[in-house]
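The listed protein sequences derive, respectively, from chains A and B. Just so it is clear: in the first sequence, position 189 is 189 by the numbering used here, and no numbers are missing. Just so it is clear: in the second sequence, position 72 is 72 by the numbering used here, and no numbers are missing.
Hints may be right or wrong, so weigh each one.
[Claimed, not checked] Straight-line distance between alpha carbons at most 25 Å, and here's what the computed SDA-like set of lysine to any residue pairs gives:
(1) Lys153(A) - Val141(A)
(2) Lys153(A) - Pro135(A)
(3) Lys19(A) - Arg68(A)
(4) Lys224(A) - Pro117(B)
(5) Lys18(B) - Ala53(B)
(6) Lys55(B) - Arg118(A)
(7) Lys224(A) - Glu164(B)
(8) Lys19(A) - Arg67(A)
(9) Lys18(B) - Gly15(A)
(10) Lys113(B) - Ala249(A)
(11) Lys18(B) - Arg38(A)
(12) Lys55(B) - Ala90(A)
(13) Lys191(B) - Arg71(A)
(14) Lys9(B) - Arg84(A)
(15) Lys191(B) - Ser254(A)
(16) Lys113(B) - Glu161(A)
(17) Lys113(B) - Ala194(A)
(18) Lys113(B) - Arg142(A)
(19) Lys224(A) - Ser112(B)
(20) Lys224(A) - Asp180(A)
(21) Lys18(B) - Glu94(A)
Keep in mind the hints are simulated off the structure, nothing from the lab.
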Amino acid sequence: MITKRIIACLDVRDGRVVKGVKFVDIIDAGDPATQAARHASEGADEIVLLDITATHEGRATLLDTVRRAARELFVPFGVGGGIRSADDAAQVFEAGADKVSVNSAALADPMLIDAIGRSFGAQAVVVAIDARRDPEAADPVRDAQVLVQGGRKLTGRRVVEWAREAEARGAGEILLTSMDSDGMRTGFDCELTAAVSEAVNIPVIASGGAGTVNHFVDVFGRGKADAALAASIFHFGVSSARSLKEDLAKAGVSVRLPC
Amino acid sequence: MRVMVIDYKAGNLTSVLKALRHLGAETDVTDGDLAPIERAERIVLPGVGHFAATKRLDATGLTPAIRAAIARGVPFLGICVGMQWLYAGSSEAPSQPGLGYFAESCARFSESKEKVPHVGWNSLEVRADSRLLAGVEPGEYVYFTHSYKAPVTADTAAVTHYIEPFASAVERGNVMGVQFHPEKSGATGLKILSNFLHREGTK
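So here's chain A without its partners, still in its complex pose (with noise of 0.2 Å):
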């Protein structure tokens, strides 16, 4: 039986892991190599590396960080921030990594997400979506708008259409952050990631909000997500991603266990 996949995500900046709140009270957290190869020991079912370097510079940096952690890796692998075009994706491929998510770049020209999948396959690309629902609007879950820059600015596209338009393009699958709820602790977006859900035919990974096992089982369920992102649960009390699956487990949701 196929099995809800537990994400850990590692945030890196500068080639170290760090954890904050809403970009606020950045600590370091570690080397990005050793925290991933701990997360995978612990029973992660795939590790993501979002890097949150701004500048230029930090590109060589981010490739070292991929080549280091991707060595002993033998999990799926993840890699987003800051990838721009196919030949910055087949650099991290080329690096380590089995998949890239793209989001702004891709918002500013969809293209990219033909060319990645053209050349390294459907299953390797990850469209990256941050939403936030639309209160003004007559459904503010159906029509929940995509947002950039961190979700500072509004891209003028609605969230479901543009994650139908990523698929016909050829993602494999879409990464949703709610806005709304990331950072809050009180749970997943489940009408949100359940309207994505059942707008496409491709996995969709959950990401923003988590603070108990419980919301996970939610967003399992009622909101019908195929993988979640798990990042700073295991700094609150969940001591990793094993536990977490042991619970889950007895929630009734099917994973991968042991593991």
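Based on the hints, put chain B in the right spot on chain A.
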């Protein structure tokens, strides 16, 4: 152990090479040079993406070279599309023939309420006499990402259930294939690759 990894320009080989080297294999890569196939002790055909990409194997002359190596008894492992290529063909690219080592053809998952592609960790029902999957216990999981699949037949080494039962591994003599990605399937995947590298005998 010298492993020849076939590059047919359909995606990234880094992960497969890394896993084989981690297990102590020496790896060579060919994208058309036939000479190295002669001295290969193992051949691995990875593959992600579209069945049509296997056309390159015909264009470069790799298809007959691989067929000859298989006939010599060199153990062969196809991964994902590389497994599907062992069959007569796939409805993904009807005009492109496969190797035809297994007589059946691959087809897309049936329409259902489940998503296609099948992406994620799923379990294996292993045939008891499989050498490739020796030591894989019930309840172990491997990582899949695919939309097309091979049918269950007498050569099937493992069955997985998603929408319908399909062949997640195939094995006859020295020819083996896995629909999942052993290089991305944690300790279980490394065990399977290790079985492939260390199996005794050539037939």
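Going down the list of hints, with the structure as the test:
The hinted pair formed by Lys153(A) and Val141(A) meets the criterion: a straight-line CA distance of about 18 Å does not exceed 25 Å. For the proposed pair Lys153(A) and Pro135(A), the alpha carbon gap of about 16 Å is at most 25 Å, so the pair holds. For the given pair, Lys19(A) sits about 20 Å from Arg68(A) by alpha-carbon distance, which is consistent with the 25 Å threshold. With a CA separation close to 16 Å, the supplied pair Lys224(A) and Pro117(B) stays within the 25 Å bound.
Under the criterion of a C-alpha separation no larger than 25 Å, the hint pairing Lys18(B) with Ala53(B) is consistent with the structure, at around 23 Å. Between Lys55(B) and Arg118(A) the alpha-carbon distance is near 16 Å, which keeps this suggested pair within the 25 Å criterion. Among the hinted pairs, Lys224(A) with Glu164(B) is consistent with the structure: their alpha-carbon atoms are about 21 Å apart, no more than 25 Å. About 21 Å separates the Cα atoms of Lys19(A) and Arg67(A), which keeps this hinted pair within 25 Å; it holds.
Note on Lys18(B) and Gly15(A): the hinted pairing holds, with a Cα-Cα distance of about 22 Å set against a maximum of 25 Å. Of the pairs offered as hints, the one joining Lys113(B) and Ala249(A) holds, with about 23 Å between alpha carbons and a cut-off of 25 Å not exceeded. With a C-alpha separation of about 19 Å, the suggested pair Lys18(B) and Arg38(A) falls inside the 25 Å cut-off, and the hint holds. This hinted pair checks out: Lys55(B) and Ala90(A) have alpha carbons roughly 23 Å apart, not beyond 25 Å.
At roughly 18 Å between alpha-carbon atoms, Lys191(B) and Arg71(A) fall within 25 Å of each other, so this suggested pair holds. The straight-line distance between the Cα atoms of Lys9(B) and Arg84(A) is roughly 22 Å, inside the 25 Å bound, and the hint therefore holds. Straight-line distance between C-alpha atoms of Lys191(B) and Ser254(A) comes to about 24 Å, which keeps the hinted pair within the 25 Å bound. Of the pairs offered as hints, the one joining Lys113(B) and Glu161(A) holds, with about 20 Å between alpha carbons and a cut-off of 25 Å not exceeded.
In summary, the hint linking Lys113(B) to Ala194(A) is supported, as the alpha carbons are separated by about 14 Å, within the 25 Å threshold. For the suggested pair Lys113(B) and Arg142(A), the alpha carbons sit about 21 Å apart, so the restraint of at most 25 Å is met. Distance hint between Lys224(A) and Ser112(B) is fulfilled; the C-alpha atoms sit about 16 Å from each other, no more than 25 Å. Proximity of Lys224(A) to Asp180(A) is assessed by CA-CA distance (about 19 Å); at most 25 Å being required, the pair is judged to hold.
At most 25 Å may separate the alpha-carbon atoms for a hinted pair to count; Lys18(B) and Glu94(A) meet this at roughly 11 Å.
Of the numbered hints given earlier, the model fails none.
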